[in-house]
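Number of protein chains: 2
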Amino acid sequence: MKASILTIGDEILNGSTLDTNSSFMAENAVKVGIEIVKKMSVADKAEDIKSGIDFLLPFSDFIFITGGLGPTKDDITIKTLAAYLGQSLVFSQENYEYVTKLLSERRKTTVEIDKERCMFPENTVFLKNQKGTAPGMWLKKNETVLVSMPGVPLEMKQIFVDEVLEKIKREYKLSSLVNKYILTAGIWESFLAKEIEDIEDSLPANIGLAYLPKLGQVTLRLTGKNVAEAEVEKFQKQISERISDYVFSWEEKDSLEKVLGEILKQKNKKVTIAESCTGGKIAHKITSIAGCSNYFNGSVVTYSNALKNQLLNVENETLEQFGAVSEETVLAMAKGVLKLIDADYSIAVSGTAGPTGGTPEKPVGTVWIAVSDGKETIAKKFNFWPYREENIELSSVAALNMLRKFIK
Amino acid sequence: MKASILTIGDEILNGSTLDTNSSFMAENAVKVGIEIVKKMSVADKAEDIKSGIDFLLPFSDFIFITGGLGPTKDDITIKTLAAYLGQSLVFSQENYEYVTKLLSERRKTTVEIDKERCMFPENTVFLKNQKGTAPGMWLKKNETVLVSMPGVPLEMKQIFVDEVLEKIKREYKLSSLVNKYILTAGIWESFLAKEIEDIEDSLPANIGLAYLPKLGQVTLRLTGKNVAEAEVEKFQKQISERISDYVFSWEEKDSLEKVLGEILKQKNKKVTIAESCTGGKIAHKITSIAGCSNYFNGSVVTYSNALKNQLLNVENETLEQFGAVSEETVLAMAKGVLKLIDADYSIAVSGTAGPTGGTPEKPVGTVWIAVSDGKETIAKKFNFWPYREENIELSSVAALNMLRKFIK
Numbered sequence: 001m002k003a004s005i006l007t008i009g010d011e012i013l014n015g016s017t018l019d020t021n022s023s024f025m026a027e028n029a030v031k032v033g034i035e036i037v038k039k040m041s042v043a044d045k046a047e048d049i050k051s052g053i054d055f056l057l058p059f060s061d062f063i064f065i066t067g068g069l070g071p072t073k074d075d076i077t078i079k080t081l082a083a084y085l086g087q088s089l090v091f092s093q094e095n096y097e098y099v100t101k102l103l104s105e106r107r108k109t110t111v112e113i114d115k116e117r118c119m120f121p122e123n124t125v126f127l128k129n130q131k132g133t134a135p136g137m138w139l140k141k142n143e144t145v146l147v148s149m150p151g152v153p154l155e156m157k158q159i160f161v162d163e164v165l166e167k168i169k170r171e172y173k174l175s176s177l178v179n180k181y182i183l184t185a186g187i188w189e190s191f192l193a194k195e196i197e198d199i200e201d202s203l204p205a206n207i208g209l210a211y212l213p214k215l216g217q218v219t220l221r222l223t224g225k226n227v228a229e230a231e232v233e234k235f236q237k238q239i240s241e242r243i244s245d246y247v248f249s250w251e252e253k254d255s256l257e258k259v260l261g262e263i264l265k266q267k268n269k270k271v272t273i274a275e276s277c278t279g280g281k282i283a284h285k286i287t288s289i290a291g292c293s294n295y296f297n298g299s300v301v302t303y304s305n306a307l308k309n310q311l312l313n314v315e316n317e318t319l320e321q322f323g324a325v326s327e328e329t330v331l332a333m334a335k336g337v338l339k340l341i342d343a344d345y346s347i348a349v350s351g352t353a354g355p356t357g358g359t360p361e362k363p364v365g366t367v368w369i370a371v372s373d374g375k376e377t378i379a380k381k382f383n384f385w386p387y388r389e390e391n392i393e394l395s396s397v398a399a400l401n402m403l404r405k406f407i408k
Numbered sequence: 001m002k003a004s005i006l007t008i009g010d011e012i013l014n015g016s017t018l019d020t021n022s023s024f025m026a027e028n029a030v031k032v033g034i035e036i037v038k039k040m041s042v043a044d045k046a047e048d049i050k051s052g053i054d055f056l057l058p059f060s061d062f063i064f065i066t067g068g069l070g071p072t073k074d075d076i077t078i079k080t081l082a083a084y085l086g087q088s089l090v091f092s093q094e095n096y097e098y099v100t101k102l103l104s105e106r107r108k109t110t111v112e113i114d115k116e117r118c119m120f121p122e123n124t125v126f127l128k129n130q131k132g133t134a135p136g137m138w139l140k141k142n143e144t145v146l147v148s149m150p151g152v153p154l155e156m157k158q159i160f161v162d163e164v165l166e167k168i169k170r171e172y173k174l175s176s177l178v179n180k181y182i183l184t185a186g187i188w189e190s191f192l193a194k195e196i197e198d199i200e201d202s203l204p205a206n207i208g209l210a211y212l213p214k215l216g217q218v219t220l221r222l223t224g225k226n227v228a229e230a231e232v233e234k235f236q237k238q239i240s241e242r243i244s245d246y247v248f249s250w251e252e253k254d255s256l257e258k259v260l261g262e263i264l265k266q267k268n269k270k271v272t273i274a275e276s277c278t279g280g281k282i283a284h285k286i287t288s289i290a291g292c293s294n295y296f297n298g299s300v301v302t303y304s305n306a307l308k309n310q311l312l313n314v315e316n317e318t319l320e321q322f323g324a325v326s327e328e329t330v331l332a333m334a335k336g337v338l339k340l341i342d343a344d345y346s347i348a349v350s351g352t353a354g355p356t357g358g359t360p361e362k363p364v365g366t367v368w369i370a371v372s373d374g375k376e377t378i379a380k381k382f383n384f385w386p387y388r389e390e391n392i393e394l395s396s397v398a399a400l401n402m403l404r405k406f407i408k
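Here the protein sequences line up with chains A and B, keeping their order.
In terms of the numbering used here, the first sequence opens at residue 1 and continues consecutively.
In terms of the numbering used here, the second sequence opens at residue 1 and continues consecutively.
Just so you know, these hints were derived from the structure itself, not from any lab.
Quick caveat: nothing in here was measured; it's all calculated off a predicted structure.
Please note that the accuracy of each hint is not assured.
Treat identical chains as interchangeable: a pair holds within one or across any two.
[Unchecked claim] Derived EDC-like pairs (lysine to aspartate or glutamate); straight-line CA-CA distance at most 20 Å:
(1) K234 / E197
(2) K234 / E252
(3) K214 / D75
(4) K131 / E166
(5) K45 / E35
(6) K128 / E262
(7) K194 / D75
(8) K234 / E315
(9) K214 / D10
(10) K194 / E116
Working from the sequences, and respecting the hints, build out all of it.
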């Protein structure tokens, strides 16, 4: 089955509200085998809503509509849908009683609500809103189902998951989808694509491959339609073997910091960090995982040379002779932080985050990363981008990945 | 002028990527006086891209298109636009040289790129991509301008702001807009709205007020259309006076960490931090500002009690009697870190970030923050949310804001 999403509201168009509703609906619809073919956002105007539906109709078995159901003047969805479908508005006793009860309970007093607010297109099938007053509406235009829901995320999510998707699963035949993931770090999308070009070319028509990149990481998603799970897994395995050096997980929702944390927890080991250019971001990533106290006691940000010397015992001669951004310095930092803080492994990072501070030999984006287990300490040089924010993120991802590979 | 936004990519439709590009474009276009009338997302399919443009064309002076410009097989925007416009693809020597140079510099070696990647519709006006290899493209269909940009947010943002909007401002007549900002921290949107309700009601029809909230902060934007700057500034001042306790800047692009950094630089003072539940995020925020080495030598993350004692000299009796999340502990942390690291001011944070670890007296979201100048040390308790990520961000924002107010 195919579906489109139509979000209604000036606040989405002018950028003051980030539309998170549509990605929530998409993600959940796709998981049950509904293909989302288009998304559209239009203003709170009857003409725009109508022309939007007209456009989406021929491509869609369902159109999921949110917004415009509130009590203010710019909420015109109900009237517009009735007019569009050629249906008159009729009073719903059922909704009147439900809303009266809900509001009376919430405000701890009897509430008289305006009967005007309980007028709906005559052929509406109602979808229960457990968290608010505007019900979801299930309507039909030719062969397409129009589902209208409130724009408030909390209310929309409940109606969409509990009512809309359940009704569709009960009443329609959905194609079965299989999604399999490969999470990689340390390789750019274009190199990755080159590495697995022949495998991608050999995929059957009913298995698709998508590249989902973010800074320093690429997730590969294989989607099989009406195909056995084992068939998709075969390609997941084949690709993973080819690029095994970069793969850190096969779970969609995993992150490097989570995977690293699980490895440490399993081995009953702890990690500490000495950060310079990353300025606390690696520690932030590690502590973003609940339960990190099992493998993390703490860390330091030694931004100045004086502090590298004072806390980590990096010798002033080393800093003067080789500079803060050097193999010698990060090696000393990685060893030094293990003496300061109780841990089994350490990460140390020093680089030129930018935008200024580069030299011809060490341009902005030059980053040295070291990892250590107390006995062995290794360092590697990276050349990232001349942009501060991206550099910090790329360095943090590379550092976590370097320790992950070092431990294994 | 009216514009639509068309984002291309299966990853947007299936919900695996949240489309932040379109709200960025909308927000920035609206500021210069362009009205966004529709947004649409379509799949990586030529037919879908074409029918999307066909639908948007009659409503739009400009269509801002993102996505599908990468080097992989599912990136088909260039070919599709050429076919749609009836233009042939021609080799661009200019782009070939630019991309070759960019990649060679990045990879520190001569890179031979595939000439296939430098084929563009013959009438393309190129928009310089300073952060990546795919240029922006400015094309025309009848009276509508089609602007195509990469979907990578970093690259899109640079091209959109530096090239697209600048070109439009130069070459088209836009209605004159005046935007004035008030940046606040430490007050929720609904309370803020209540505080200034009467001022908002008194605004003339040609001045609008928008609330742009993010965690712990709300930016107010006053937009005047065809109105004198002084008139908008009058309301900016009136609102600022009413809520002066929460205002930290009137510059749109400011951040708390930037404002705090400027105050420290001006006073020639330094700050250090002892973080527990925020786990490095405050240090990350401070070091995200270029030039922070003027006022930041470094900091510590003391996640375990043992490390709070070892590095910061928080007495074990204090930790045992009052707990890590207590006024006594953060006061000791704030004093202790000033002894460990050379600085004039300190911040200390300890809380229960969650999702577990709460008690009836200290539920998840309980956070103690202290600030110190070595002589005076004050602490404050906050009750945030039972969600880890939001808690860490809210605590970091509150901590920076608390030191800002402490210094002033």
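#### Entry: Non-conforming hints, listed in increasing numerical order
Hints 6 and 8 contradicted; others consistent.
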